[in-house]
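Peer 1: So you can see what is in the structure, the chains are spelled out below.
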Amino acid sequence: MKLQVRIIFLSVLIAGFFSQEVDAQSRIVKFDTIDSLLHQNSAPVLVLNFWATWCKPCVTELPYIEELNKKYGSSGVKVILVSLDFKREFGSRVKPFIERNKITSEVLLLDEPDYNSWIDKVDSSWSGAIPATVVITGDKKLFFEKEFTSFADLENNIKPLIQ
Amino acid sequence: MKTKLLSFAVILCTFMFIAATPDGYSPGNKAIDFKLKNVDGKMVSLADYKDAKGFIVTFTCNHCPFSKAYEDRIIALHNKYASQGYPVVAINSNDKTLSPEDSFEGMVVRAKEKNFPFAYLYDESQEIAKTYGATRTPHMYILKKEGSDLTVKYVGAIDDNSDDPSMVTKKYLENAMDEIIAGKDVTTNSTKAIGCTIKWKGTK
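Heads up: the sequence lines are chains U and S, in that order. The opening residue of the first sequence carries number -14 in our numbering; numbering runs sequentially from there. The opening residue of the second sequence carries number 0 in our numbering; numbering runs sequentially from there.
Hints listed in this document are in silico derivations from the structure and should not be mistaken for laboratory results. Please note that the accuracy of each hint is not assured.
[As the list claims (entries may be wrong)] With a straight-line Cα cutoff of 30 Å, these simulated DSSO-like cross-link-like pairs (lysine-lysine) come out: (1) U/K41 x S/K52; (2) U/K56 x U/K125; (3) S/K200 x U/K131; (4) S/K113 x S/K200.
Chain S extracted, bound-state conformation (with noise of 0.2 Å):
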């Protein structure tokens, strides 16, 4: 009875938990990590980063014009913040047939056109950016390791102006990531962006 009684209650604490977060997650909630296939392809997990304080991951893909325009500053974003702890880890998650750009070859492809420091994988099944709640390409996630944890720390948009990097004046992202390597709180943890919805499974 007692055994039946608790596994109710964690049925219900994981239906909550699931409630409490129907759009993903926002600053303050735990990361699950994942196993994805590499564009070098090896299958690689947050997990395997042993030296890691924390991950920058992008939600992007190979066809999408702001995703492109963003590439350049991605790459800096990891040539910045790798040395401190913070790694780039970019997942595409489109679905082939409705994006045929946006394919495991393809992904190949733009990876070694744009000579990506950083791993570029494969969420084939969709199921990481529907957990994390990514909606359009790009999209910013900053992870720290607390503990065993990944605590999310920042969602969002990388700056304010996709188009022209010169016009930039606020780095939101890099904003985050010095108050995080300060040992600060984020300031502004979540902004939105206009972007290429991510094309999902059987939508159309």
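Just chain U, same shape as in the assembly (with noise of 0.2 Å):
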């Protein structure tokens, strides 16, 4: 009995743990949070990939961008996967999936519903349709409304701007 007692206690310990760590890694934003990031940002190479739970080849190519965070990420390169799920399923569905998913890049939650007004602002040529990813350094960017098929497939695709 105590012995169970210990095991709950010490799971809501580790729960409380992890789910202290998805608050810290994401939040909801507007879109000049964004906006500001495409124009001001401080990382030598910023990778903004447009994505949604329940997005399957978003899903599919999750991992190769949490690769290139981890490859990457202390050679300057700083990932964020700005989820465009909805917003009352932040709590219900995104932060499980970060917590399930062990996902370590940072995650925004773009809560900004007229869609029209701000996707020219991340690049002319979106139709709106994701996975869709941004590549910025400098004054220069890359810009891909595609699913990325391999990590070498990502890392190819962005290395003139990685090295």
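Got two chains here, each in a separate frame; can you build the complex from them with the hints?
Peer 2: Right, dumping it as structure tokens:
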């Protein structure tokens, strides 16, 4: 009995620790946050990946985006996952997804339902389909409205800006 | 010689036309008609709608949360505008191998569940989505009959809030429809929206 109580206590502690971590790495933002990242990012290379938990191709390519963060994070590449999930599903869907998949990149849920007001500001060639990825360094910018099919595919595509 | 030159000119013009519209239709372009299988098993063309003044064409599908969020609003659009000459024609272009829920059988089930009052067509070859330039679901096109042409009058989103209809402040598509019916030019004839990517054959 005592052991059971201890286990429960410990599990609550661990769960609490993880959800705190998720709280620290994810938040809800408006477009001005994304806009300022697009214009005045402090990292040498900024990668913004637009995705959603319900978007199958996005979830398929997510491990490659994560790998980019792991491989190049320490050498100045900042990866941000911009979630386009509905705001009301942040706690019920997005946070559990981050936890379950042990996502290490920062996640910003973009709560800006009038998509037409900001899609062109990310890139005028973007139709609005996701996944979509922006890579920015200095005044150079690459935009991809596609699903990366492997880590090599992603790496090869953005290498010109990483090096 | 003359015929050769002429055919060369025709070919050149065709290429120029294709080059001019690499991303599908924009407002002002002429849209093609199609012949696609409806959920009732019958083949449907826009030419079949003898009394229509135009169409609200939507590229949609069964599985996408955005498409689902808009289903009731698309039904409402049909109920509002079909009687004024602009019925909704819905098209699913997703590859069933990549998205099994979007098979023809899945469409039949969904159309029944939601009691769609409009045609729900299967673009199995994906040619129509490619020609129109649809990239996501739902992706809307308003077409207006002008003589024997179908002119694109609007391309884009339904409104400015997919998740919550009660929070909508800009009814992009309805505004365009009302201007068309009033015989005016469409003020905002092109908008963008986040949506599920159309699942193209052979992409993965």
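Peer 1: Hints first: check each against the structure and report whether it holds.
Peer 2: Structure-based check of all given hints:
1. U/K41 x S/K52: Roughly 38 Å separates the two Cα atoms, so the pair is violated.
2. U/K56 x U/K125: 21 Å, holds
3. S/K200 x U/K131: With Cα atoms ~14 Å apart, S/K200 and U/K131 stay inside 30 Å; holds.
4. S/K113 x S/K200: 27 Å, holds
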